[in-house]
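*Asks:* Sequences listed follow chains A and B, in order.
Taken in order, the first sequence gives residues 413 to 694; the numbers are from our numbering.
Taken in order, the second sequence gives residues 413 to 694; the numbers are from our numbering.
One thing to keep in mind: the hints can contain errors.
You can't tell identical chains apart in this list, so a pair holds if it fits in one copy or across any two.
To be verified - Straight-line Cα separation of at most 20 Å, DMTMM-like style, residue types lysine to aspartate or glutamate; simulated pairs:
| hint | residue 1 | residue 2 |
| --- | --- | --- |
| 1 | Lys-573 | Asp-433 |
| 2 | Lys-432 | Glu-655 |
| 3 | Lys-544 | Asp-629 |
| 4 | Lys-573 | Asp-466 |
| 5 | Lys-544 | Asp-533 |
Derived from the structure by calculation, the hints contain no laboratory data.
There are 2 protein chains.
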Amino acid sequence: MDTIINEINERLTEVMSSLKDGNVKEAMTYSLMAGGKRLRPLLFCYTLKSYGVDYHDYIDVACAIEMIHTYSLIHDDLPGMDNDDLRRGRPTCHIQFDEATAILAGDGLLNESMNVILNMDIDSSLKVDMMKVLYDHSGVNGMIYGQQQDIYFEDHQANLKELEDVHHYKTGCLLSAPLILAGLIANKNEVPALKDLGFTIGLAFQIQDDILDVTSDTETLGKPVGSDIDNHKSTYVTLLGIEQSQDYANKLFKSCLEKIYALTLNHGLMIEIIEKVMKRVK
Amino acid sequence: MDTIINEINERLTEVMSSLKDGNVKEAMTYSLMAGGKRLRPLLFCYTLKSYGVDYHDYIDVACAIEMIHTYSLIHDDLPGMDNDDLRRGRPTCHIQFDEATAILAGDGLLNESMNVILNMDIDSSLKVDMMKVLYDHSGVNGMIYGQQQDIYFEDHQANLKELEDVHHYKTGCLLSAPLILAGLIANKNEVPALKDLGFTIGLAFQIQDDILDVTSDTETLGKPVGSDIDNHKSTYVTLLGIEQSQDYANKLFKSCLEKIYALTLNHGLMIEIIEKVMKRVK
């Protein structure tokens, strides 16, 4: 797993090196190379590997996914959004640089995520098919809708159904995209099943996130714990309590295993990466 | 010209209607439909028309260009950037809505600009070629670099060469892209000449902008006049004075005419649109 992370980091460094020097490039690099877990690129590479496809040929897609994820974190942390000072154990982008640079760094990462895919040496039709999935999942009918609803429910009480809907979009979209993209490359027939698996992983991931926000500590997590409570956010923990939330996460994990066994790929490899997502401590 | 503007506005409305309802969609629509001059889409449609190509088949490209332009305005106006309250004669996006919604609306417009092109019913290879131009021009090696340098020169004195460089990227990139994109569709051989023409138009446009900032009034312009002086920005007017700036703009306009006559297209139509850009009063 570490090998893939290193390969992704190396390629991200190469991608960034093609950009014009300045504050924005520095800020993009600062946030991108802050030692994130790379879960989304790993999900993509592992799914390809599980289908017996050499992920090296598509590592730029993994980079694009991580760039989109990082842009969303930079903008989420801005004073006008969540106003967070700490991310991945370091000052957030607008604290380390300034607000204008952080806004542009986010814009830059979204914009350059496209250029990475556009410049790949693969069929144009595959590029277009993959970008359709990626930018549908990250856009106003996907992740951005989730971010909007997340803000809405800071001032409004969410029930469990509404909370699940927020997370479906805010977290699920960009966690299911890697699986769908790998499916487009490796096995088009199984795309619907991969999508379903991806959203289940997304939900389990989010419940884990809510649990960690109250059971972990700032040092381990690299971001302030208890921020959900401070922001008056409804979470699985506030709605269900820790124990029931953990039960729900375990149930979803089991459901993921069943969905994996129904796919025609290397089950062991897929379980390895799903366990990484589920059993994380940060 | 008004017919094309109406057609673009109609198509933009259609494009927006496919998005999930909410604050972000409202804010995107508010800024997008605020009655902008649509110069960039007009440049694209007129260039196609001048080559004898039916622009209706490519109107989604015109929409994508305007969406990118609007996203850049929304983010430029944010408190963390230029902190402007007025745009196109109306409250800016973050004043009308709130900062979080304006950040997401900008992100949404950039993201959805891609989806508009990705969903077009044309060859994948043409889509990819056009998107390469568009997102290279709008990205960290293009418009975003210009925005970064623009901020840098708020605190640093720029000379004429540096100022021209800022505007080459900040304004020129997204004014030359429509011509290059039309060239990719209509006449690949003339793309380099179209690019050169586009950047000359961009420079003339910017000088005109600097002149209007001191000679016009807020009501006509729809945004505060004198903001360049308030922000201590170097402009053509502060460096050359109004008269010399006007001479320079006139010289560039003549140069544009020469460049147009060297192209194998309908010269009258191209001059019509260039005059619209040059002789604007707002």
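*Asks:* Hint by hint, say whether it matches the structure.
*Replies:* Hints versus structure:
{"no.": "1", "hint": "Lys-573 - Asp-433", "result": "between (46 Å within a copy, 18 Å between copies)"}
{"no.": "2", "hint": "Lys-432 - Glu-655", "result": "neither (50 Å within a copy, 34 Å between copies)"}
{"no.": "3", "hint": "Lys-544 - Asp-629", "result": "neither (38 Å within a copy, 44 Å between copies)"}
{"no.": "4", "hint": "Lys-573 - Asp-466", "result": "neither (39 Å within a copy, 48 Å between copies)"}
{"no.": "5", "hint": "Lys-544 - Asp-533", "result": "both (18 Å within a copy, 13 Å between copies)"}
When held up to the earlier numbered hints, the structure conflicts with 2, 3, 4 and fits the remainder.
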